[in-house]
Amino acid sequence: MACERYLNSIHESIDGTIGSIRRAELEMHLDQCEDCRALYEDLKRIHAAAADLPRLEAPARAWLQIAGRLRQEGRIHEETKAPAIGRRQYVGWLAAAAALILAVAAAVMLIKPASDRAPQSQTAQSTPAATAPAATDQKAIESATTAVDTAQNQFEKAIADLEKVAKANQQVLDPATSTTIDKNLGILDQAIAENRAAVKTDPTSVAARETLFEALRQKVTLLQDTISLINEMRKGNNAAAAQLVNKS
Amino acid sequence: MSGQRGVTMATSKETELDLVERCRRGELGAFETLYRQHSGRLFSLAVRMLGNPADAEDLLQEIFLSAHRKLESFRGESALGTWLYRLATNQILDHVRSRAARTGQMTDGLDDATLLADASGHRLADRAIARVDLERALAELPEGCRAAFVLHDVEGLEHKEVSEVLGIAEGTSKSQVHKARLRLRGLLRRSV
Chain A
1 MACERYLNSI HESIDGTIGS IRRAELEMHL DQCEDCRALY EDLKRIHAAA
51 ADLPRLEAPA RAWLQIAGRL RQEGRIHEET KAPAIGRRQY VGWLAAAAAL
101 ILAVAAAVML IKPASDRAPQ SQTAQSTPAA TAPAATDQKA IESATTAVDT
151 AQNQFEKAIA DLEKVAKANQ QVLDPATSTT IDKNLGILDQ AIAENRAAVK
201 TDPTSVAARE TLFEALRQKV TLLQDTISLI NEMRKGNNAA AAQLVNKS
Chain B
1001 MSGQRGVTMA TSKETELDLV ERCRRGELGA FETLYRQHSG RLFSLAVRML
1051 GNPADAEDLL QEIFLSAHRK LESFRGESAL GTWLYRLATN QILDHVRSRA
1101 ARTGQMTDGL DDATLLADAS GHRLADRAIA RVDLERALAE LPEGCRAAFV
1151 LHDVEGLEHK EVSEVLGIAE GTSKSQVHKA RLRLRGLLRR SV
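If you read the protein sequences in the order shown, they are chains A and B.
Per the working numbering, residue 1 is the first one in the first sequence, and the count goes up by one each step.
Per the working numbering, residue 1001 is the first one in the second sequence, and the count goes up by one each step.
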């Protein structure tokens, strides 16, 4: 094992803060101690690899959401000067996307109470309360169904609006990307249909409900990313567009 | 934060103040420019400090919304990038502390036996350390030593600066970075 008394010297040498006398002492030791030399070289490589970690790019949707929140809070004003090519449409889409994000957020908020209630309902079934009258069960089923329907309606409205914007502008995308997006949307549609059937069979199943909402959320995200991609293509921002395509 | 890597300002101070003024007037385009200039650096910092890209994305939004609100107080005494970096670091750390308070894991959480094992044994494979392996290992570090390591080894801050940012003693910063390096060695050996 590495020698404990040289550990600090190894770190300080990597940091470049070691004094000349201790450096000489360390170098002499490293010549003789294989374990310490291995440790020193490994830590030096880790230090160098950390310093070389590349900058990450935030997902394109992050900016759309920030812009949406700023609009919602009334903290920005529309620019009145002549827009660059596609700028007018871009701003319009931003507004649409922002509004839709709010709609989706509202849908998620609607889900939460249902999810929060669900475990209590499950616990109740395993306790003496399980003997509660059938009317209570019926009420729970009706309540769960209503919550699911309301949340689904919010999602579906958001999806319909996003699809409208995406379809109207999809010609900006190259055919291969467009086909891939359509294929993925088809897969998600199938998942949504299957999960919807599962929820219908058992409206109080938390797992079925969460899986359905996750599928709906994924569709919203895919459509938002598609609109972001169209925006970036319009702006000629190939790097951001490539990032979105790679993410997909 | 003299030790920061990559704090090169693409714009002159005059242009920067002009950009800030346009943001204050509510020009979305100006704020988007500011966002494009700085979001990558701040997102990278958030991902690595939090060890979770989804949390980092949410926090990035909060950072820029907060920056938009606080631009009124920006006087140009420091570069805009530095001002944003400080704002972001404070918000990230608040988030880390709040999460740690919930989970009780803000301490470095590394026992001596683990570190001893990390300092011993066979060396890393000769091939280059893959970025993805390093990012994954970073995410596995305990909160306290991950923050110190990211600020020091990834972001390039000096220990004195790390100690000021984290509100800890300089010696503690050193100790946490050293522990993080040893733990990373252990984790990277496992990933080979």
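The hints are simulated quantities; they were obtained by calculation from the structure and are not laboratory data.
One or more hints might be untrue.
Quick partial rundown of chain B residues pointing at chain A, CB under 8 angstroms, derived from the structure [as the list claims (entries may be wrong)]:
no., residue
1, G1026
2, Y1035
3, H1038
4, E1057
5, L1060
6, L1071
7, A1125
8, R1127
9, D1153
10, L1166
Just so you know, even glycine gets a beta-carbon here, dropped at the ideal spot from N, CA and C.
Going through the hints against the structure:
1. Look at G1026 of chain B: its Cβ gets to within about 4 angstroms of chain A, closer than 8 angstroms, so that hint holds up.
2. The beta carbon of Y1035 of chain B comes within 6 angstroms of a beta carbon in chain A, closer than 8 angstroms, and the hint placing it at the interface holds.
3. At its closest, the beta carbon of H1038 of chain B sits 10 angstroms from a beta carbon of chain A; the interface hint therefore is violated under the 8 angstroms criterion.
4. The beta carbon of E1057 of chain B comes within 6 angstroms of a beta carbon in chain A, closer than 8 angstroms, and the hint placing it at the interface holds.
5. The beta carbon of L1060 of chain B comes within 6 angstroms of a beta carbon in chain A, closer than 8 angstroms, and the hint placing it at the interface holds.
6. Below 8 angstroms, beta-carbon pairs count as interface contacts, and L1071 of chain B has none with chain A, the closest being about 10 angstroms; its hint is therefore violated.
7. With a cut of 8 angstroms, the hint placing A1125 of chain B at the interface with chain A is violated, because the nearest CB-to-CB distance is about 10 angstroms.
8. Against a cut-off of 8 angstroms between C-beta atoms, the interface hint on R1127 of chain B is violated, since the closest Cβ of chain A lies about 10 angstroms away.
9. Nearest Cβ of chain A to the Cβ of D1153 of chain B: about 4 angstroms, under the 8 angstroms cut. The hint holds.
10. The restraint placing L1166 of chain B at the interface with chain A is violated, with a minimum CB-CB distance near 17 angstroms, outside the 8 angstroms limit.
Hints 3, 6, 7, 8 and 10 from the list above are not met by this structure, while the remaining hints are.
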